[in-house]
Amino acid sequence: MSLGLLLAVLLVIAGGTGVALWFILRPQSSAHKAKHSTGNKIDDLTEQAKEDVEHIFNDEFREELRNRGRLHFEKIIGENAMFLQQDLRLTTSQLNEFMKNEITSVLKEEFSKYEESINDAKQLAIDSIQKTQSTIEQQRELLTQQLNKQLTSEKEKSLERFESHMADIVNHYVLEAVGEQIDMSEQLDFILAQMERNKEAIMKDVKDGA
Amino acid sequence: MEPNRQFVVPVSVVSPTDVARLKREIESVDEFFRQSEIRAGGEPSAHMPQMSKLMDQLIAANQLNLLQEEDRQWIVDSLVQLDASAPVLHISFSVDPPGSHVRKIVSWLRENVDPGVLVTVGLQPNIGAGCVVRTTNKIFDMSLREFFASKRSFFVKKLHDAISDPDSVELPANAQVQQEQPAQQGAPA
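Taken in order, these protein sequences are the chains called G and L.
For the first sequence, the numbering used here assigns the number 1 to the initial residue and increments by one for each residue that follows.
For the second sequence, the numbering used here assigns the number 1 to the initial residue and increments by one for each residue that follows.
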């Protein structure tokens, strides 16, 4: 960008110099034409003017002009180069500042996005963990209920089995222990009482059977 | 002989086996008298069959004279009819019952159920006490085993009480004394 600006300045200076030279040399050529067109007098005058010009604008004077122009040109070029350098430094510093700001803003934006995505991921992870925890809790409660139910059922079954077996064992034990100790004479009253109780059924059965 | 007199079965006649034995016995008596009629005078006669106590009781209960052929025939017919039509009850006891007890039970049955009922006695030691009466159609379990079975819910309830709250179970006074005795015996002198 700075090189382009420098070239543009140089072209402007070269164009200005060319225009100035053209204006300097133009009356000379128009006078030369007038001389040819108006006659010999004019030619003479022209020749005379040319000589005067040759006197005024001699080689030294021209060399002096060239030197002055070159110096002026160098000065202008130096000034422009200095301006250009200042502009370049300014532009560079602005560019640096701009780049710094841009990079900072981009980094901030990226960091904020990164932080946001991290927060989202964190929230997702927390949600997932909470869901997993709630599922585990539900499963645990379900398992606990099933286990309690099964435990109660097993307990009831065991208790029922124990009661049944215990009743059988006690009955068997009592019958074994007491059975032989009960005399038939003591049993007779019990037997007759039982028969009295079942008298109607026995009678009915005997009559029906007969 | 009275035309429509009723056959009385003595309580000592308990089972169909007794009836069959009496029938054989009366038949042998009848045979003896038949042979005596056939034999000529002076010939050695067969020995008179020995009458069993059961037969004596049967004759006494029915007021029979076995010298009379009609009585003999009547008793044979009655025994055949009894054997054919009498209801038979099978009674099982835990131990072998004495005859007197069986006779009491038979007497009760003949008074209350049927006058011609016959009883066969069996043994079932696992019933503990009481008896099991089996007719042709039914079984009447009057044993201690059945009694315990009927009281099973009561036992289970007591067992529940003992398991759930042992202090609430009221032990008999004897049980407490018996529980304390070993502790006293085991205590140092």
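Hints listed in this document are in silico derivations from the structure and should not be mistaken for laboratory results.
There could be a bad hint or two in this list.
[To be verified] Straight-line Cα separation of at most 27 Å, DSS-like style, residue types lysine-lysine; simulated pairs:
#1 K104/L x K204/G
#2 K138/L x K207/G
#3 K151/L x K149/G
#4 K131/G x K108/G
#5 K138/L x K104/L
#6 K113/G x K100/G
#7 K151/L x K199/G
#8 K151/L x K207/G
#9 K104/L x K207/G
#10 K53/L x K23/L
#11 K151/L x K157/G
#12 K138/L x K155/G
#13 K155/G x K104/L
#14 K155/G x K23/L
#15 K149/G x K53/L
#16 K131/G x K113/G
#17 K151/L x K138/L
#18 K53/L x K104/L
#19 K23/L x K151/L
Exercise for the section: Given the hint that K131/G pairs with K113/G, test it: the Cα-Cα distance must not exceed 27 Å. Expected result: Status holds; Cα separation ~26 Å.
Exercise for the section: For the pair we were handed, K53/L and K23/L, check the Cα-Cα distance against 27 Å. Expected result: Satisfied, since the Cα-Cα distance of roughly 14 Å is no more than 27 Å.
Handout entry: 27 Å Cα cutoff - pair K131/G, K108/G
Key = violated, 33 Å
Practice task
Verify the proposed pairing of K113/G with K100/G, using a straight-line Cα cut of 27 Å.
Solution key: holds, 19 Å
Practice task
With a cut-off of 27 Å on the C-alpha distance, tell me whether K104/L and K204/G pass.
Solution key: Satisfied, since the Cα-Cα distance of roughly 21 Å is no more than 27 Å.
Handout entry: Restraint status (C-alpha distance of K23/L to K151/L at most 27 Å)
Key = violated, 46 Å
Problem - Hint consistency between K138/L and K104/L [alpha-carbon to alpha-carbon, up to 27 Å] - result: holds, 22 Å
Problem - 27 Å Cα cutoff - pair K149/G, K53/L - result: Answer violated: K149/G to K53/L is near 73 Å, above 27 Å.
Practice task
Mind checking the alpha carbons of K155/G and K104/L for me, to see if they're no more than 27 Å apart?
Solution key: violated, 51 Å
Handout entry: Distance restraint between K155/G and K23/L, which requires alpha-carbon spacing of 27 Å or less
Key = violated, 65 Å
Handout entry: Pairwise hint evaluation, K138/L against K151/L, where the allowed Cα distance is 27 Å at most
Key = holds, 22 Å
Exercise for the section: Would you mind confirming whether the straight-line C-alpha gap from K104/L to K207/G stays at or under 27 Å? Expected result: Satisfied, since the Cα-Cα distance of roughly 22 Å is no more than 27 Å.
The structure fails to meet hints 3, 4, 8, 12, 13, 14, 15, 19 from the earlier list, while all remaining hints are met.
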